[in-house]
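The primary structure of each chain is shown beneath.
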Amino acid sequence: MTALPPEAYAAALASHEGVGPATLRRLLASDRPEVAWSRSGYAGDVRAIWLRHMDAGITVLTADSPGYPARLVGDPESPPVLFCRGSSGVVSKHPTVALVGTRSPTRYGIGVAAQFGADLAALGVSVVSGLALGIDGAAHEGACASGAPPVAVVAGGLDDPYPRRHARLWDRIVEQGVVFSENPAGVRTEKWRFPKRNHLLAALSDVVVVIESRHGGGAMHTVSAALERGTPVGAVPGSIRSPASEGTNALLFDGCFPVRDVADIVAALSLCGIVLPTSVARCSTVDPPPEVVGPDADVLDALSYDPSSLDQLARVTDMELSALCGALERLASVGMASQDGGWWFRI
Amino acid sequence: MLASISAATLTGAVGRPVSVEVHVSNGLPGFTIVGLPDAAVRESRDRVRAALLSSGLPWPLRRVTVNLAPSGVRKGGAGLDLAIAIGVLVATGELPAASTDGWAFCGELGLNGSLRHVPGMIALADAIPPSLGLVVPLSDMREAALVRGEAAHGVATLAELAAILRGQSPWPVMPEAPATSPGGLGGPDLADVRGQRVGRHALEVAAAGHHHLLMVGPPGSGKTMLAERLPGLLPPLTPEESLEVTRVHSAAGRELPHGALVSQPPFRAPHHLASLTSLVGGGSWSMRPGEISLASHGVLFLDEMGEFPVAALEALRQPLEEGVIRISRAGGTVTFPARFLLVGAMNPCPCGEGMTRGACNCSVVERARYTRRLSAPLLDRFDLVVPLARPDPDELLSPEPGPPTAESAARVTAARALAAARVGHPEPPLQPAAKHLISQRLRAGELTARGVQKVGMVARTVADLLGAETVTEAHVSDALSLRMARSVVTQ
Numbered sequence: 000m001t002a003l004p005p006e007a008y009a010a011a012l013a014s015h016e017g018v019g020p021a022t023l024r025r026l027l028a029s030d031r032p033e034v035a036w037s038r039s040g041y042a043g044d045v046r047a048i049w050l051r052h053m054d055a056g057i058t059v060l061t062a063d064s065p066g067y068p069a070r071l072v073g074d075p076e077s078p079p080v081l082f083c084r085g086s087s088g089v090v091s092k093h094p095t096v097a098l099v100g101t102r103s104p105t106r107y108g109i110g111v112a113a114q115f116g117a118d119l120a121a122l123g124v125s126v127v128s129g130l131a132l133g134i135d136g137a138a139h140e141g142a143c144a145s146g147a148p149p150v151a152v153v154a155g156g157l158d159d160p161y162p163r164r165h166a167r168l169w170d171r172i173v174e175q176g177v178v179f180s181e182n183p184a185g186v187r188t189e190k191w192r193f194p195k196r197n198h199l200l201a202a203l204s205d206v207v208v209v210i211e212s213r214h215g216g217g218a219m220h221t222v223s224a225a226l227e228r229g230t231p232v233g234a235v236p237g238s239i240r241s242p243a244s245e246g247t248n249a250l251l252f253d254g255c256f257p258v259r260d261v262a263d264i265v266a267a268l269s270l271c272g273i274v275l276p277t278s279v280a281r282c283s284t285v286d287p288p289p290e291v292v293g294p295d296a297d298v299l300d301a302l303s304y305d306p307s308s309l310d311q312l313a314r315v316t317d318m319e320l321s322a323l324c325g326a327l328e329r330l331a332s333v334g335m336a337s338q339d340g341g342w343w344f345r346i
Numbered sequence: 000m001l002a003s004i005s006a007a008t009l010t011g012a013v014g015r016p017v018s019v020e021v022h023v024s025n026g027l028p029g030f031t032i033v034g035l036p037d038a039a040v041r042e043s044r045d046r047v048r049a050a051l052l053s054s055g056l057p058w059p060l061r062r063v064t065v066n067l068a069p070s071g072v073r074k075g076g077a078g079l080d081l082a083i084a085i086g087v088l089v090a091t092g093e094l095p096a097a098s099t100d101g102w103a104f105c106g107e108l109g110l111n112g113s114l115r116h117v118p119g120m121i122a123l124a125d126a127i128p129p130s131l132g133l134v135v136p137l138s139d140m141r142e143a144a145l146v147r148g149e150a151a152h153g154v155a156t157l158a159e160l161a162a163i164l165r166g167q168s169p170w171p172v173m174p175e176a177p178a179t180s181p182g183g184l185g186g187p188d189l190a191d192v193r194g195q196r197v198g199r200h201a202l203e204v205a206a207a208g209h210h211h212l213l214m215v216g217p218p219g220s221g222k223t224m225l226a227e228r229l230p231g232l233l234p235p236l237t238p239e240e241s242l243e244v245t246r247v248h249s250a251a252g253r254e255l256p257h258g259a260l261v262s263q264p265p266f267r268a269p270h271h272l273a274s275l276t277s278l279v280g281g282g283s284w285s286m287r288p289g290e291i292s293l294a295s296h297g298v299l300f301l302d303e304m305g306e307f308p309v310a311a312l313e314a315l316r317q318p319l320e321e322g323v324i325r326i327s328r329a330g331g332t333v334t335f336p337a338r339f340l341l342v343g344a345m346n347p348c349p350c351g352e353g354m355t356r357g358a359c360n361c362s363v364v365e366r367a368r369y370t371r372r373l374s375a376p377l378l379d380r381f382d383l384v385v386p387l388a389r390p391d392p393d394e395l396l397s398p399e400p401g402p403p404t405a406e407s408a409a410r411v412t413a414a415r416a417l418a419a420a421r422v423g424h425p426e427p428p429l430q431p432a433a434k435h436l437i438s439q440r441l442r443a444g445e446l447t448a449r450g451v452q453k454v455g456m457v458a459r460t461v462a463d464l465l466g467a468e469t470v471t472e473a474h475v476s477d478a479l480s481l482r483m484a485r486s487v488v489t490q
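Going down the list, the sequences are from chains S and G. Mapping of the first sequence onto numbering that gives the first Met the number 0: residues 0 to 346, in sequence order. Mapping of the second sequence onto numbering that gives the first Met the number 0: residues 0 to 490, in sequence order.
Don't read these hints as lab results, they were simulated from the structure. For glycine and all other residues, C-beta sits at the position ideal for the given N, C-alpha and C. Check the hints yourself; a few may be wrong.
Which residues of chain S face chain G? A partial, calculated answer using Cβ under 7 Å [what the hints assert, rightly or not]: (1) ALA313; (2) THR316; (3) MET318.
For each label pair, taking beta carbons as the anchor points, the in silico distance ranges come out as [to be verified]: (4) S:ARG70 to G:LEU395: 38 to 46 Å; (5) S:PHE344 to G:ARG316: 34 to 42 Å; (6) G:MET456 to S:GLU174: 42 to 50 Å; (7) S:SER145 to G:ALA409: 23 to 31 Å; (8) S:HIS214 to G:ALA419: 52 to 60 Å; (9) S:GLU174 to G:GLY423: 18 to 26 Å; (10) S:ALA166 to G:GLU468: 19 to 27 Å; (11) G:MET456 to S:LEU275: 51 to 59 Å; (12) S:MET53 to G:LEU378: 51 to 59 Å.
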């Protein structure tokens with residue numbers, strides 16, 4: 000039987016029932032994990048716990064382990080024992096930007112999250128997110144497609160992907176980047192664990208960007224944790240009528256910097272002293288819009304940036320439905336209109 | 000001492016001839032029925048006895064045995080009461096045996112000796128050999144006459160029938176059939192619907208091309224109101240369809256309209272808590288037609304489609320494909336017609352506000368769970384998946400009625416005529432721009448091969464409704480917009 004490494008005792012301590020971060024920090028403050036384990040008097044099969052983590056491919060890190068992220072050292076809430084799958088070193092090699100938001104986003108939010116995720120990764124920035132449904136997932140989907148390794152921070156044990164629907168995305172992140180958790184294998188993802196996860200997420204990020212958030216949404220935990228650490232927080236402006244943008248618009252009112260495109264995030268990074276090797280041009284839409292004439296122009300006039308039903312458009316334009324649909328399709332083909340579930344709007 | 004009387008019983012929507020043999024012998028007074036009777040048949044003893052006594056006819060204080068042949072077939076319902084009563088009368092010598100030769104009897108008895116309605120009279124009348132005359136309750140005579148004509152006779156009471164069979168009085172004359180209300184389409188009118196151009200258009204397309212329709216919209220967008228008005232757009236039933244529909248409705252024990260023949264397309268709207276059996280038909284052995292068969296040649300409306308059990312929805316797939324439903328039980332297999340126009344309605348999400356951006360509070364998981372009920376193969380059966388919106392308040396409150404059903408029905412009839420005239424001729428080619436639009440969608444992956452075919456068919460119907468010969472880009476755009484809510488229900 001080979002001797003167990005100190006991390007095995009750390010994992011055993013973290014896995015013990017009733018041991019929270021505070022107890023863990025106190026136990027490990029003065030002693031090495033193996034000493035702390037024997038002094039604690041806890042009973043448990045250290046080897047079995049260790050093997051369980053090894054089998055699941057989980058790396059256990061204590062503050063003394065070489066792979067422990069440098070940016071967590073000195074953090075007021077630095078986890079005494081950190082679990083990860085993938086290569087934990089990526090958070091030290093790349094600048095990190097957290098893209099967070101609501102679990103029930105609009106299509107706008109999903110689109111923005113995916114685009115920012117892809118653009119940041121292409122610029123060599125690691126995208127940090129929580130692997131939740133909605134904005135988190137969309138940001139990671141975008142980030143996985145290109146460039147810098149993605150970073151995920153989750154609330155439960157690393158042996159059980161949560162939410163189930165993101166199991167494949169989870170595997171891709173493990174492959175390309177890293178997934179962190181404060182909790183050992185076997186811990187179920189429970190609601191009350193999310194705020195703590197969000198604090199760790201903020202601690203790992205150079206800049207936090209909220210894409211869409213409802214009033215009092217979970218992303219606000221990330222925001223307050225970031226503000227406590229002096230991390231810049233940006234928010235993507237949204238429609239004042241969209242409940243999904245209530246939280247982000249309130250953040251803008253409170254003084255967070257507005258994020259219109261990736262260039263704004265890059266500017267925030269450079270203010271923190273992180274300069275990217277590649278420069279970013281601000282997205283511009285200077286293409287002159289194609290000229291629209293005839294009945295199509297009437298239809299375009301009737302369209303607004305808020306979606307309208309076909310019925311409304313038919314009433315306003317007083318056109319035959321077939322002709323109206325034809326005009327809308329033509330406008331869509333030149334990129335001036337779009338529809339979602341049959342509701343049409345200008346773009 | 001022995002009598003044999005012809006009658007019929009119902010298995011599903013199909014009648015089977017039954018010979019009711021009654022034997023009266025000396026012994027302890029008693030009454031036994033053999034030959035696989037169900038509870039209702041077994042209880043006929045009490046009805047028959049009371050009916051005979053109330054009619055002033057004697058009940059034998061002897062041993063009575065009733066055999067229902069063929070003995071292997073289950074007999075259900077109270078329709079054999081009359082045949083048993085006549086059998087008892089013949090076996091006890093109250094009626095001459097010769098008087099019942101050449102006659103069959105179907106009817107339920109009341110304790111006062113009156114003859115009562117029996118469900119499925121058409122199918123029963125069908126089962127009686129054509130050489131026999133048929134005696135039925137007066138209330139069922141019109142139904143029986145549909146298939147038996149002059150050979151059907153209606154009688155009001157058992158006493159009256161006994162008198163006729165004894166030759167003491169003549170057969171009553173068949174009362175004059177009430178004139179079938181001409182043109183009275185009945186049902187609600189589209190004029191009650193305000194606004195809803197898209198909804199009306201979708202109804203016309205569905206009716207003209209027999210395209211199954213799924214309406215997706217928030218509560219209060221008029222989905223149910225529109226669906227109820229769809230049968231009014233369908234052409235009246237042909238005589239053959241009419242008889243088929245009447246048969247099924249009769250077998251299900253539904254009350255038939257005056258004149259007995261169902262001539263308007265039926266409309267059935269089962270609740271989402273309806274059991275699978277009540278939807279598709281069946282039962283342990285009585286095999287009754289279900290809602291989908293009652294809706295045959297008409298409209299089957301499933302409101303709150305997302306709330307129906309998955310099993311019920313999946314059971315619709317085969318009848319949608321074949322136009323019939325085959326129900327197999329240990330006791331055998333029956334086939335019912337099930338050629339209906341399927342109209343579904345659902346909210347875009349559990350809270351219903353999903354189409355209006357930002358107003359929906361449902362989580363992604365809730366929405367997915369709600370729409371997952373509709374499997375992709377079932378969704379593929381819907382050529383039209385139409386997004387509906389709440390009507391504009393001004394239009395809703397306007398005192399002016401909307402365009403009436405007659406206007407839409409005329410367009411549908413014209414379109415159907417155009418389509419019928421095209422049968423056997425090569426399809427006129429699509430306009431190049433229309434073809435381009437479809438191929439663009441195919442390449443972008445927004446349409447599958449099946450989708451292309453469906454869009455083509457719907458575009459053809461749209462063109463027919465507008466009286467156009469070739470399918471243009473506008474018609475294809477229209478057809479595309481009539482399936483745009485697919486993206487809402489396939490998240």
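A quick look at each hint next to the structure:
Restraint check, S:ALA313 versus chain G: the minimum CB separation of about 5 Å is within 7 Å; hint holds. Proximity of S:THR316 to chain G is violated relative to the hint, the smallest CB-CB distance being about 11 Å (cut-off 7 Å). Look at S:MET318: its Cβ only gets to about 10 Å from chain G, farther than 7 Å, so that hint breaks. Between S:ARG70 and G:LEU395, the C-beta spacing of about 59 Å breaks the proposed range 38 to 46 Å.
For the hinted restraint 34 to 42 Å between S:PHE344 and G:ARG316, the CB-CB distance of approximately 35 Å keeps it satisfied. At about 45 Å, the beta-carbon gap between G:MET456 and S:GLU174 stays in the expected band of 42 to 50 Å. About 58 Å separates the C-beta atoms of S:SER145 and G:ALA409, a value inconsistent with the hinted range of 23 to 31 Å. Separation of S:HIS214 from G:ALA419 is about 59 Å and conforms to the stated range, judged on CB atoms against 52 to 60 Å.
About 60 Å separates the C-beta atoms of S:GLU174 and G:GLY423, a value inconsistent with the hinted range of 18 to 26 Å. For S:ALA166 and G:GLU468, the hinted distance range of 19 to 27 Å is not satisfied, since their beta carbons lie about 54 Å from each other. Evaluation of the 51 to 59 Å hint for G:MET456 and S:LEU275 yields a pass: the beta carbon distance comes to about 54 Å. Under the hint 51 to 59 Å, the C-beta atoms of S:MET53 and G:LEU378, about 46 Å apart, miss the expected range.
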